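**Student:** So that you can map any letter, position 25 of the sequence shown is 25 in my numbering, and since no number is skipped, the others follow by simple counting.
Everything labelled a hint here was simulated from the structure, so no lab data went into it. Warning: the hint list may mix true and false statements.
Here are the computed distance ranges between Cβ atoms for each label pair [unchecked claim]:
1. 64 - 43: 28 to 36 Å
2. 38 - 17: 12 to 20 Å
3. 6 - 87: 15 to 23 Å
On a predicted model such as this, the values are computed, not experimentally measured, just so you know. For every residue, glycine included, the Cβ atom is placed at its ideal position computed from N, Cα and C.
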Amino acid sequence: MSEDLITQWWFAPLGDRLIWARLREIEDGQYELLSTNGLAMFPDEHGAREALLDAEYRALDGCDEDDANLFGLALEDLVPPEGDDDEIAEQLIQSVERQR
Numbered sequence: 001m002s003e004d005l006i007t008q009w010w011f012a013p014l015g016d017r018l019i020w021a022r023l024r025e026i027e028d029g030q031y032e033l034l035s036t037n038g039l040a041m042f043p044d045e046h047g048a049r050e051a052l053l054d055a056e057y058r059a060l061d062g063c064d065e066d067d068a069n070l071f072g073l074a075l076e077d078l079v080p081p082e083g084d085d086d087e088i089a090e091q092l093i094q095s096v097e098r099q100r
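Whenever a hint applies, use it, and build me the whole structure from the sequences.
**Tutor:** Below, the structure is given as structure tokens:
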């Protein structure tokens with residue numbers, strides 16, 4: 001397997017669940033998107049980011065407490081899944097307690 005050049009986490013709040021997606025740059029400038037829809041490949045970052053934005057995901061990078069609060073979440077709740085691809089795939093949907 002090739003070494004990742006960039007890894008970005010994206011999230012989408014949905015009721016009392018947090019849906020995660022991982023975007024990775026891999027060899028030759030291609031991008032791999034792991035989401036609840038499975039694994040998808042994109043020829044460039046623009047196409048991958050556009051797919052995430054169309055699905056109403058938000059980038060975790062740069063998200064602060066105020067951003068999290070807009071979604072009724074605490075910043076400490078925004079912890080992406082960890083592990084290998086199979087373990088991560090099982091954790092892409094997380095239950096969260098929404099703030100009021």
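**Student:** For every hint, state whether the structure bears it out.
**Tutor:** Status of each hint after checking the structure:
1. 64 - 43: 28 to 36 Å: holds, 32 Å
2. 38 - 17: 12 to 20 Å: Cβ of residue 38 to Cβ of residue 17: about 18 Å, so the range 12 to 20 Å holds.
3. 6 - 87: 15 to 23 Å: Holds: the Cβ-Cβ distance is about 21 Å, inside 15 to 23 Å.
In the structure shown, no violation is registered for any of the earlier numbered hints.
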